[in-house]
Amino acid sequence: MSKPTSLFVIFFSLFVMSEAVFEDQVGKFDWRQQYVGKTLFAHFDSHSQSSKKLFLATDKNIFASFNSRTGDLFWRHVDKVGPEGTIDILLLHGQDALMVVGGGRLLRSWDTNMGGLNWEAVLDTGSFQAACFVAIQDTVKHVAVLKKAVISLHYLTNGHQKWVENLPDSDTVQYQAVYSGGEEEVYVLGVVPNSHLTIIAYSLEDGEIIKQRSVEAPWLSSVESSCVVIGQGVLMCVDPATLALYTLPIQAEEAPQFNQILLQVTPVQPRLESVVFPPQLYVHAFLKKDDSVGYRVLVQTQDHALTFIQQPGRVVWTREEALADVVTMEMVDLPLTGTQAELEGEFGKKADGLFPMVLKRLSSQVILLQVWLAHLWKLFYEARQPHGQVKNEVTIETLSRDEFNLQKMMVMVTASGKLFGIDSKSGSILWKHYLENVQPNAVFKLIVQRTTAHFPHPPQCTLLIKDKDTGLASLHVFNPIFGRKSHIAPPALPRPILQSLLLPVIDQDYAKVLLLVDDQYKVTAFPSTKNVLQQLQEMASSIFFYLIRSDQGNLSGFRLRKDLSTERIWEVVLPTEVQKIVAVNGKRPNEHVHSQGRVMGDRSVLYKYLNPNLLAVVTESTDAHPERAFVGVFLVDGVTGRIIHEAVQRKARGPVHFVHSENWVVYEYWNTKSRRNEFSVLELFEGTELYNSTVFSSLDRPHLPQVLQQTYIFPSPITTMEATLTEKGITSRHLLVGLPSGAILSLPKMFLDPRRPEVVTEHSREENLIPYAPEMPIRTEWFINYNQTVARVKGIYTAPSGLESTCLVVAYGLDIYQTRVYPSKQFDVLKDDYDYVLISSVLLALFFATMISKRLAQVKLLNRAWR
Amino acid sequence: MASVPRSFLLLSIIPTILILCADFACCNTGRKTGDGLDTDFSGFSVPLEHSFQVDDVSRFRMRGALQLRGGRETSVSLSQSQLSEEDRNTLKVGEEVAAVDGLYKIRVPRVSLTDRQTERQMDGYLTAFVRACSLVESHLSDVITLHTDVSGYLIGVSIVTIPGACRGTEVEDEVDLEAFNTTLTIIAPTNAPQPETALFIERMDIEHEKRGKPQEQKSFFAKYWMYIVPLVLFLMMSGAQDQSGGGAANGGGR
Numbered sequence: 001m002s003k004p005t006s007l008f009v010i011f012f013s014l015f016v017m018s019e020a021v022f023e024d025q026v027g028k029f030d031w032r033q034q035y036v037g038k039t040l041f042a043h044f045d046s047h048s049q050s051s052k053k054l055f056l057a058t059d060k061n062i063f064a065s066f067n068s069r070t071g072d073l074f075w076r077h078v079d080k081v082g083p084e085g086t087i088d089i090l091l092l093h094g095q096d097a098l099m100v101v102g103g104g105r106l107l108r109s110w111d112t113n114m115g116g117l118n119w120e121a122v123l124d125t126g127s128f129q130a131a132c133f134v135a136i137q138d139t140v141k142h143v144a145v146l147k148k149a150v151i152s153l154h155y156l157t158n159g160h161q162k163w164v165e166n167l168p169d170s171d172t173v174q175y176q177a178v179y180s181g182g183e184e185e186v187y188v189l190g191v192v193p194n195s196h197l198t199i200i201a202y203s204l205e206d207g208e209i210i211k212q213r214s215v216e217a218p219w220l221s222s223v224e225s226s227c228v229v230i231g232q233g234v235l236m237c238v239d240p241a242t243l244a245l246y247t248l249p250i251q252a253e254e255a256p257q258f259n260q261i262l263l264q265v266t267p268v269q270p271r272l273e274s275v276v277f278p279p280q281l282y283v284h285a286f287l288k289k290d291d292s293v294g295y296r297v298l299v300q301t302q303d304h305a306l307t308f309i310q311q312p313g314r315v316v317w318t319r320e321e322a323l324a325d326v327v328t329m330e331m332v333d334l335p336l337t338g339t340q341a342e343l344e345g346e347f348g349k350k351a352d353g354l355f356p357m358v359l360k361r362l363s364s365q366v367i368l369l370q371v372w373l374a375h376l377w378k379l380f381y382e383a384r385q386p387h388g389q390v391k392n393e394v395t396i397e398t399l400s401r402d403e404f405n406l407q408k409m410m411v412m413v414t415a416s417g418k419l420f421g422i423d424s425k426s427g428s429i430l431w432k433h434y435l436e437n438v439q440p441n442a443v444f445k446l447i448v449q450r451t452t453a454h455f456p457h458p459p460q461c462t463l464l465i466k467d468k469d470t471g472l473a474s475l476h477v478f479n480p481i482f483g484r485k486s487h488i489a490p491p492a493l494p495r496p497i498l499q500s501l502l503l504p505v506i507d508q509d510y511a512k513v514l515l516l517v518d519d520q521y522k523v524t525a526f527p528s529t530k531n532v533l534q535q536l537q538e539m540a541s542s543i544f545f546y547l548i549r550s551d552q553g554n555l556s557g558f559r560l561r562k563d564l565s566t567e568r569i570w571e572v573v574l575p576t577e578v579q580k581i582v583a584v585n586g587k588r589p590n591e592h593v594h595s596q597g598r599v600m601g602d603r604s605v606l607y608k609y610l611n612p613n614l615l616a617v618v619t620e621s622t623d624a625h626p627e628r629a630f631v632g633v634f635l636v637d638g639v640t641g642r643i644i645h646e647a648v649q650r651k652a653r654g655p656v657h658f659v660h661s662e663n664w665v666v667y668e669y670w671n672t673k674s675r676r677n678e679f680s681v682l683e684l685f686e687g688t689e690l691y692n693s694t695v696f697s698s699l700d701r702p703h704l705p706q707v708l709q710q711t712y713i714f715p716s717p718i719t720t721m722e723a724t725l726t727e728k729g730i731t732s733r734h735l736l737v738g739l740p741s742g743a744i745l746s747l748p749k750m751f752l753d754p755r756r757p758e759v760v761t762e763h764s765r766e767e768n769l770i771p772y773a774p775e776m777p778i779r780t781e782w783f784i785n786y787n788q789t790v791a792r793v794k795g796i797y798t799a800p801s802g803l804e805s806t807c808l809v810v811a812y813g814l815d816i817y818q819t820r821v822y823p824s825k826q827f828d829v830l831k832d833d834y835d836y837v838l839i840s841s842v843l844l845a846l847f848f849a850t851m852i853s854k855r856l857a858q859v860k861l862l863n864r865a866w867r
Numbered sequence: 001m002a003s004v005p006r007s008f009l010l011l012s013i014i015p016t017i018l019i020l021c022a023d024f025a026c027c028n029t030g031r032k033t034g035d036g037l038d039t040d041f042s043g044f045s046v047p048l049e050h051s052f053q054v055d056d057v058s059r060f061r062m063r064g065a066l067q068l069r070g071g072r073e074t075s076v077s078l079s080q081s082q083l084s085e086e087d088r089n090t091l092k093v094g095e096e097v098a099a100v101d102g103l104y105k106i107r108v109p110r111v112s113l114t115d116r117q118t119e120r121q122m123d124g125y126l127t128a129f130v131r132a133c134s135l136v137e138s139h140l141s142d143v144i145t146l147h148t149d150v151s152g153y154l155i156g157v158s159i160v161t162i163p164g165a166c167r168g169t170e171v172e173d174e175v176d177l178e179a180f181n182t183t184l185t186i187i188a189p190t191n192a193p194q195p196e197t198a199l200f201i202e203r204m205d206i207e208h209e210k211r212g213k214p215q216e217q218k219s220f221f222a223k224y225w226m227y228i229v230p231l232v233l234f235l236m237m238s239g240a241q242d243q244s245g246g247g248a249a250n251g252g253g254r
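These protein sequences, in sequence, are chains A and B.
Here the first sequence is numbered in the UniProt record's numbering, starting from 1 and rising by one per residue.
Here the second sequence is numbered in the UniProt record's numbering, starting from 1 and rising by one per residue.
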């Protein structure tokens with residue numbers, strides 16, 4: 001096998017496609033932001049006075065250490081997703097951080113200095129309840145872990161188990177807390193709800209039960225939620241019903257006959273309104289040098305922002321941890337500068353007489369002159385400043401589009417309902433907006449209704465927030481550049497929304513019309529001005545849309561009627577007993593395809609089947625048996641409901657990731673027979689003749705396209721996939737593949753071409769087709785994020801820039817990574833090290849040479865004439 | 001396979017439709033009736049209905065009967081009668097309505113080609129449409145395609161006319177609108193290819209053999225023995241001569 005691989009290497013090295021960045025380019029065009037998620041546990045490092053460490057465990061199963069002065073991440077450990085990696089508790093003692101992970105599965109000890117793992121111990125099965133350090137005369141040597149029916153004691157140095165004991169009556173008593181007061185005993189607190197409290201004291205040495213007491217507490221239902229141990233072994237409980245506070249010394253050396261009546265009922269605060277132990281507030285009090293008490297507070301707010309506050313109420317830093325869970329995003333062009341906009345405005349408006357036009361022209365020229373002078377002054381001023389002091393702070397006021405439209409506004413929607421506007425060049429958050437009352441199971445769809453191109457109308461984005469269970473939706477309309485909520489009132493949506501579609505129809509204010517289809521197939525238009533409604537009426541018979549009910553396997557098409565009701569015109573049903581629809585994907589509306597066909601080796605043209613209405617529907621079989629499982633790929637025309645192609649990948653299973661673009665679909669699945677990941681590519685061609693070359697209509701395309709397909713082995717599982725996108729579609733396409741390792745692979749589409757020949761011929765060589773090889777290579781130069789690992793990539797967003805060669809890429813997941821890719825290299829940009837001096841000197845030299853030789857030739861001619 | 005619940009209404013309708021179909025059912029297009037195994041799947045027919053849409057309400061009426069045959073070789077044929085005078089008129093009107101984009105819709109009930117008769121029918125229909133004007137302008141020549149899934153359920157139907165465009169040409173001759181000129185096909189899903197490892201390895205092997213042969217030839221000695229042997233012989237000869245000469249000299253010396 002080694003020989004073929006070496007052949008590969010030789011072969012591929014012929015295609016010099018260096019993608020990797022140079023060392024000096026690191027961080028020049030890309031940035032990464034690392035997040036941790038919502039904090040569950042936080043500890044301040046009180047080990048030493050000058051320590052600036054902060055330890056967090058989060059709901060994303062991450063254990064992290066922060067710099068408490070700046071909020072920067074020191075280190076971070078990303079554990080498995082889901083319940084396997086859940087952090088049950090985080091305890092901190094000196095240099096050691098102790099963690100119970102995965103519902104009481106593992107006990108881990110970390111070194112807090114370096115973030116390295118000291119040891120890991122596997123615990124007995126059983127759901128985790130509580131854990132605490134056990135100290136003898138202030139030296140902590142053990143940790144006690146309480147499970148539902150078992151208590152175990154472990155050494156702090158190596159995690160070995162000292163002893164493990166079954167808890168008595170664990171089927172009736174709910175053991176919820178464990179406490180050690182510095183003596184030779186470990187106390188376990190259990191409760192029989194609304195009956196009594198059980199306190200068991202275990203011997204530290206051998207785990208024997210020293211004493212067992214029961215205290216009447218008919219008001220107590222849970223120790224975990226209403227009790228806390230304070231001071232030296234005093235249990236303090238709250239009864240919210242009677243608004244009473246109870247205290248109980250746990251370790252009290254009581255006389256045996258008074259066992260049951262130790263509960264001291266002392267209603268301290270009669271007007272106790274409600275009791276919360278806010279888990280979102282972490283206070284660290286310390287003694288200052290002058291013996292006064294200082295404090296620092298870490299606040300976790302509802303919008304997942306983490307704020308660090310120091311004593312005089314000064315906010316030291318804020319981290320927007322909501323960005324650890326980005327749901328969807330869009331990139332919006334920045335607005336033109338005021339002067340550019342002024343010029344645009346001048347040419348955009350209608351002519352109103354000669355004289356005013358001249359005046360206007362003059363005034364705008366004056367403004368331009370002013371700006372230029374200001375620019376010159378700024379240059380001069382900056383030149384006088386010592387180097388490095390000049391800071392180019394990006395603020396919302398200075399935002400303007402750059403020459404090549406490489407800097408854009410990233411509008412990000414997070415699961416917590418907080419919206420962010422991020423500058424794509426620097427990654428700084430320019431605005432944020434928290435939407436209250438967003439249900440945790442909400443689905444978001446972000447729609448750009450009006451871009452920045454229509455000055456003086458501000459750009460407009462609409463966020464559709466839909467409750468997953470009820471289907472009820474609401475709209476949030478905002479300006480994507482400033483984040484401000486628009487004054488335009490969105491329509492009320494009393495019925496569940498099934499589908500939303502953005503029409504190319506624009507209203508008089510240049511906003512695209514959004515159609516919302518409710519469960520009675522009635523359509524609501526937004527904006528719904530008279531103008532829009534009139535346009536809709538005119539176009540009604542050519543507005544088609546589709547609905548997909550994956551629970552019923554039903555795909556159906558509708559046409560709009562003049563009264564904005566709809567009629568069902570086609571229906572395709574995939575029986576749910578056989579297969580279920582897992583994903584449907586159309587093409588991106590802003591995608592351009594430059595070439596209509598491919599020139600083949602014999603100089604004929606193979607035309608692409610470019611149907612903008614084509615839908616790729618991916619199904620998975622309900623039968624999960626590896627021999628019978630399959631993945632289905634249907635290509636359906638969204639207007640006519642015609643099944644263009646229907647393929648079945650046998651012995652295959654999801655998760656299926658796929659990209660649908662131009663005339664191709666690429667999908668990735670798991671081969672259950674060979675136990676590997678495979679890529680398959682489908683390409684559609686109309687043949688060597690076009691049916692109707694001027695315009696594409698789904699209604700008038702009677703011939704089915706030719707479908708070519710090829711499959712390859714991919715040596716890694718993948719988490720997400722997207723294709724690059726450029727302004728005009730001239731640049732060759734790459735696939736951006738997010739790998740579980742955190743790398744983002746830029747895979748040339750050239751390798752996924754169903755026309756790759758088995759046997760190399762003259763024609764295929766002419767076409768630059770790579771000979772077929774069943775295995776897809778992963779080359780490390782293709783990792784666009786070099787060593788900037790993006791943890792848990794969830795999605796990749798691509799946007800075209802003003803440069804045809806350049807595509808902007810944002811990968812999001814736990815981290816956010818922004819970069820640029822050049823799939824066909826930078827063919828429209830001069831290199832950084834372009835030798836201007838050489839080229840101009842050569843030009844000048846040539847110029848003078850021609851001048852001189854011309855003169856000489858003239859002299860010679862003259863001489864010859866005289867002769 | 002789970003049985004699909006049906007409404008009582010449909011239960012009562014289906015037999016009547018089937019009876020109606022019996023009138024239409026005639027020849028199938030000469031596909032041979034499979035061998036003994038396929039007797040279970042001997043063809044059955046389902047109605048093909050159409051609706052000319054003059055107003056927005058769809059009223060489906062009988063167009064013909066689809067003769068379906070499941071089993072190893074699925075085949076389908078269609079028997080349909082001519083359009084009645086009334087239908088032609090509606091369609092002509094429909095074409096005038098074509099100015100407002102009237103649609104011609106067809107539908108078939110959801111059936112399974114492999115299950116037994118009793119379990120074949122399921123709730124609902126599969127619908128497709130074509131513009132009424134293009135149907136008229138193509139003189140009723142249409143292509144109907146039925147799609148099945150892996151297990152033989154009918155999942156979709158599509159109709160196109162050839163040519164598919166609406167140019168607004170008037171169809172004068174009434175005769176052109178009398179009978180459908182239908183091409184009918186049934187399409188099952190294609191199997192997507194697997195990675196072609198075997199072929200690739202074979203190709204690699206062949207290439208290796210091609211390239212490998214001159215390399216793994218005989219050893220150096222085997223290759224040049226004709227030069228080496230005489231050389232060695234010559235050396236030996238000359239050496240022996242020396243030796244013998246020397247020996248002789250030595251001997252002579254003793």
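Treat the hints with care, as some may be off.
Here's a subset of chain A near chain B, in silico, CB distances under 10 Å, partners left out [as the list claims (entries may be wrong)]:
1. SER556
2. ILE569
3. GLU577
4. SER621
5. ALA624
6. GLU627
7. ARG653
8. PRO655
9. VAL656
10. ARG675
11. PHE679
12. HIS703
13. PRO774
Rather than coming from a laboratory, the hints here were simulated on the basis of the structure.
The beta carbon of each residue, even a glycine, is placed where N, CA and C say it ideally should be.
Outcome of the hint check:
A least Cβ separation of about 8 Å between SER556/A and chain B falls short of the 10 Å threshold, and the interface hint therefore holds. Interface hint at ILE569/A: satisfied, since its Cβ lies 5 Å from the closest Cβ of chain B, which is below the 10 Å cut-off. At a threshold of 10 Å, the smallest CB-CB gap from GLU577/A to chain B is about 5 Å, leaving the interface hint in force. Interface hint at SER621/A: satisfied, since its Cβ lies 8 Å from the closest Cβ of chain B, which is below the 10 Å cut-off.
Annotation: interface hint on ALA624/A violated; nearest CB of chain B at approximately 15 Å, more than 10 Å. A least Cβ separation of about 13 Å between GLU627/A and chain B goes past the 10 Å threshold, and the interface hint is therefore violated. Interface hint status for ARG653/A: violated, as the beta-carbon distance to the closest one in chain B is roughly 14 Å, over 10 Å. The beta carbon of PRO655/A is not positioned within 10 Å of any beta carbon in chain B (closest approach about 17 Å), and the interface hint is therefore violated.
Given hint, VAL656/A at the interface with chain B, is violated; its Cβ is 12 Å from that chain's nearest Cβ, farther than 10 Å. For the restraint placing ARG675/A at the interface with chain B, the shortest Cβ-Cβ distance is roughly 13 Å, beyond the 10 Å limit, so the hint is violated. Nearest Cβ of chain B to the Cβ of PHE679/A: about 9 Å, under the 10 Å cut. The hint holds. For HIS703/A, the suggested interface contact is upheld, since its CB lies about 8 Å from the closest CB of chain B, less than 10 Å.
Taking 10 Å as the C-beta cut-off, the interface hint given for PRO774/A holds, the closest approach to chain B being about 4 Å.
Taken one by one, the earlier hints fail for this structure at numbers 5, 6, 7, 8, 9 and 10, listed in ascending order.
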